[in-house]
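Enquirer: Take a look at the letters that make up each chain.
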Amino acid sequence: MSTQTSNEELELSVLENDIAETPTAAQGVASGLSEPRVGLIGDQPRGEGAGAADGVSGRLSSLDTLESEAIHIIREVVAEFERPALLFSGGKDSVVMLHLATKAFWPGKVPFPVLHVDTGHNFPEVIDFRDRTVERLGLKLVVGSVQEFIDRGELAERADGTRNPLQTVPLLDAIQRNKFDAVFGGGRRDEDKARAKERILSLRDEFGQWDPRNQRPELWNLYNGRHTVGQHVRAFPISNWTELDIWRYIERENIELPSLYYAHEREVFARDGMWRAVGEVSQPLPHEDVITKTVRYRTVGDMSCTGAVESDAYTVADVVVEVAASTLTERGATRADDRISEAAMEDRKKDGYF
Amino acid sequence: MSTETALLESGLRESTLFRFATAGSVDDGKSTLVGRLLHDSKAILADQLDAVARTSADRGFGGDKGGIDLALLTDGLRAEREQGITIDVAYRYFATDRRSFILADCPGHVQYTKNTVTGASTADAVVVLIDARKGVLEQTRRHLSVLQLLRVAHVIVAVNKIDLVDFSEDVFRAIEADVQQVARDLGIGADGISDVLVVPVSALDGDNVVDRSDRTPWYTGPALLEVLETLPAADELESHLESFRFPVQLVIRPQGALAPDAVAGGLDTEAYRDYRAYAGQITEGSVKVGDQVTVLSPGHEPRNTTVTGIDFAGKELQEAAAPQSVAIRLAEEIDIARGDTIAAAGTVADSTADLYASLCWLSPKPLREGAKVLVKHGTRTVQALVRNVSGKLDLGTFNVEETSTLELNDIGHAQLRLAAPLPVENYLRHRRTGAFLVIDPLDGNTLAAGLVKDHPGDHEDERYVI
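Residue numbers (my numbering), protein chains in the order written: chain A, 1 to 354; chain B, 1 to 466.
Some clues are possibly wrong.
Below, in silico cross-link-like pairs of lysine-lysine (DSS-like), each with a Cα-Cα straight-line distance of 30 angstroms or less [claimed, not checked]: (1) A:179 to A:140; (2) A:103 to A:179; (3) A:140 to A:103; (4) A:103 to B:315; (5) B:288 to B:315; (6) B:315 to A:140; (7) A:103 to B:288.
The set of hints was computed from the structure by calculation and includes no laboratory data.
Let the hints inform the model, and build the full structure from the sequences given.
Expert: Next comes the structure, spelled out in structure tokens:
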């Protein structure tokens with residue numbers, strides 16, 4: 001049996017990395033004379049005591065601690081794996097992940113490609129955001145297409161029309177074809193009961209399956225990513241972040257998101273207790289009235305199963321306040337696919353979903 | 001309204017992180033306690049509570065009285081809900097206006113040592129549950145023993161079901177005395193870092209969980225959550241005791257390939273052409289620009305140099321401390337790679353290829369003398385040979401028995417010969433650089449948690465001390 005060896009002597013040389021090309025346009029802008037800013041990490045421009053919340057000993061704030069942990073994990077995976085990739089949907093968690101990766105390797109480029117599983121039912125503004133982000137950071141984008149699998153007859157449309165569960169097959173196919181041995185995901189343990197049991201480095205077998213009852217213990221900050229041929233590892237650097245941490249970080253770091261995360265007017269209709277956007281793949285039934293409402297999205301997924309919430313949070317600061325006061329979980333409020341059963345996420349994850 | 005205001009404040013204020021774990025025996029109400037903490041600190045949202053209320057009603061929880069089975073809040077997997085048991089460590093998150101908490105909820109009965117070791121390895125504090133009707137059990141002694149071994153900074157013993165002994169002070173005081181005796185036997189608190197606190201609670205009714213109860217007037221100490229909110233985190237206690245340690249994760253040397261967004265933001269491409277820095281997370285202590293450091297690399301004598309820069313994503317820091325992730329620049333161009341350690345000059349002993357350690361055996365595959373394994377320490381993984389296994393701890397009696405094998409949940413002492421020397425340090429004084437994993441080279445599974453001990457000294461019976 002051949003075991004993946006850790007890359008002890010690894011030296012990260014982004015130049016030798018063939019997975020990304022620097023856009024020549026970006027080089028043309030290299031006029032800057034600005035020196036790096038000076039300050040402590042905790043020294044964030046956010047009012048009272050940021051970064052030294054306990055006062056006494058100058059402990060890191062919880063956001064700084066979470067950021068440091070995530071960067072450590074991202075660097076470990078890049079150092080120990082041959083071909084990592086980052087799942088990037090344009091959703092807030094994957095945007096935060098990519099932001100952390102840029103910080104982990106500064107001033108070098110992010111040394112891995114991003115992978116998007118396109119359900120074919122995406123919000124157009126999210127696809128546009130994805131493409132702009134990839135170009136801005138000079139990354140390679142790999143797309144796995146649910147539509148292509150349906151067209152080839154390798155996947156069948158579900159009766160309820162949701163395509164979220166259909167992402168698993170194209171995802172595993174893309175992992176296999178590109179020989180990715182580690183895939184970063186933006187999964188958080190606070191999202192779901194099954195995700196609460198997930199490891200930070202989580203082994204997947206030859207079929208992409210998760211075996212929740214037989215996971216490796218994860219001790220200290222020593223991550224064991226060893227795997228055999230055919231297996232791969234899912235890495236979850238923001239496992240310990242909550243939805244509120246994500247938003248506070250987006251605010252602090254001034255991270256751009258797709259516009260639909262903020263309040264806007266949209267034609268919607270009520271279904272399954274949530275507001276669904278009117279779109280090509282999401283049409284109201286005769287008895288469902290279409291109205292215009294001020295809404296925003298708390299999660300961004302497949303248009304066919306992601307609902308909007310009524311909101312007047314127009315800015316990131318508004319969203320932080322709204323999330324802090326929310327009485328519903330983000331998935332409970334906005335994901336039809338997680339309402340299917342108590343164990344919907346667990347079942348999908350066992351099959352290789354992220 | 002006050003609920004909402006509290007939530008808002010907790011969300012918007014800068015807080016620090018506190019990690020804790022729970023450990024308990026079967027049926028001592030741990031899931032209920034965790035559910036109660038989450039529920040009373042408003043971490044449970046309406047849709048989660050609805051789902052739990054529905055399931056509770058379906059199962060007829062509480063008989064005619066009804067009610068919500070708070071334990072359901074923490075059971076994540078289908079098999080756990082079906083069997084009514086907790087199988088694996090689950091992580092929970094909640095915040096108060098003082099702190100954000102990460103809770104590792106460790107099951108008590110299935111592979112308790114494995115789960116307790118896992119949860120405790122990252123914890124600032126561990127809450128051990130005792131059923132007030134049963135008092136200190138053998139399993140309590142085992143839990144405390146493991147926590148002492150892992151050097152958890154704070155042990156909080158929650159004497160649960162105090163309502164079922166009519167809130168009796170006598171019962172509580174007797175259990176408290178037993179706990180303190182076990183702690184003394186184990187030496188918890190002897191190092192000046194760890195301590196033990198005992199709190200009477202009723203997880204079912206909420207007494208002394210979030211708020212102090214008026215049904216235990218004889219108890220004048222803080223409620224459990226108050227304790228968790230005010231205890232110093234482990235790194236606060238240790239930071240001034242420890243010297244700078246920095247295992248190198250990778251070398252950042254972009255050469256021509258600078259990040260396009262950084263370049264677009266005005267990065268001076270000329271100045272960064274020859275940029276070279278060592279990326280990692282500070283595991284112990286702190287470092288300043290200008291500090292003298294020693295670089296430890298296998299196959300090299302320790303080399304001394306000076307820190308010329310500490311970078312973090314475009315910011316130049318003057319100083320950084322554990323657990324920050326940074327990139328460090330050094331005065332001399334020396335050959336440094338992943339797996340090397342940068343440490344404060346004059347504070348490190350030589351690396352060693354002979355490793356003496358306590359092993360918490362976490363695998364169903366037993367350890368035999370002569371086994372070939374991998375040891376992962378910091379950012380290095382080396383091959384190792386198990387030269388001997390020389391004793392295992394009876395967690396009930398704290399006696400050491402002779403053995404030549406370790407099985408699942410055993411804690412024993414072993415000597416390993418490493419294929420390359422590692423800069424290990426005694427776990428008693430260095431929770432990070434004294435810790436390592438033992439990995440199966442065949443299937444890659446984690447076999448054991450290792451805690452480095454000093455080399456046997458002049459004590460005859462040293463090898464029997466775990």
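Enquirer: Hint check: residue 103 of chain A vs residue 179 of chain A, CA-CA at most 30 angstroms. Holds or violated?
Expert: Within the cut-off at roughly 26 angstroms; holds.
Enquirer: Checking one constraint from the list: CA of residue 103 of chain A to CA of residue 288 of chain B, max 30 angstroms. Satisfied?
Expert: holds (21 angstroms)
Enquirer: Run the distance test for residue 140 of chain A versus residue 103 of chain A: straight-line Cα separation, threshold 30 angstroms.
Expert: holds (18 angstroms)
Enquirer: Are the Cα atoms of residue 179 of chain A and residue 140 of chain A separated by 30 angstroms or less?
Expert: holds (15 angstroms)
Enquirer: Holds or violated: residue 315 of chain B and residue 140 of chain A, Cα atoms, limit 30 angstroms.
Expert: holds (27 angstroms)
Enquirer: Compare the distance between the alpha carbons of residue 288 of chain B and residue 315 of chain B with 30 angstroms, and conclude whether the hinted pair is satisfied.
Expert: Answer holds: residue 288 of chain B to residue 315 of chain B is near 14 angstroms, not above 30 angstroms.
Enquirer: Regarding the pair residue 103 of chain A and residue 315 of chain B, is the alpha-carbon distance no greater than 30 angstroms?
Expert: With a Cα-Cα distance of about 10 angstroms, the restraint between residue 103 of chain A and residue 315 of chain B holds, given a limit of 30 angstroms.
Checked against the numbered hints given earlier, the structure satisfies every one of them.
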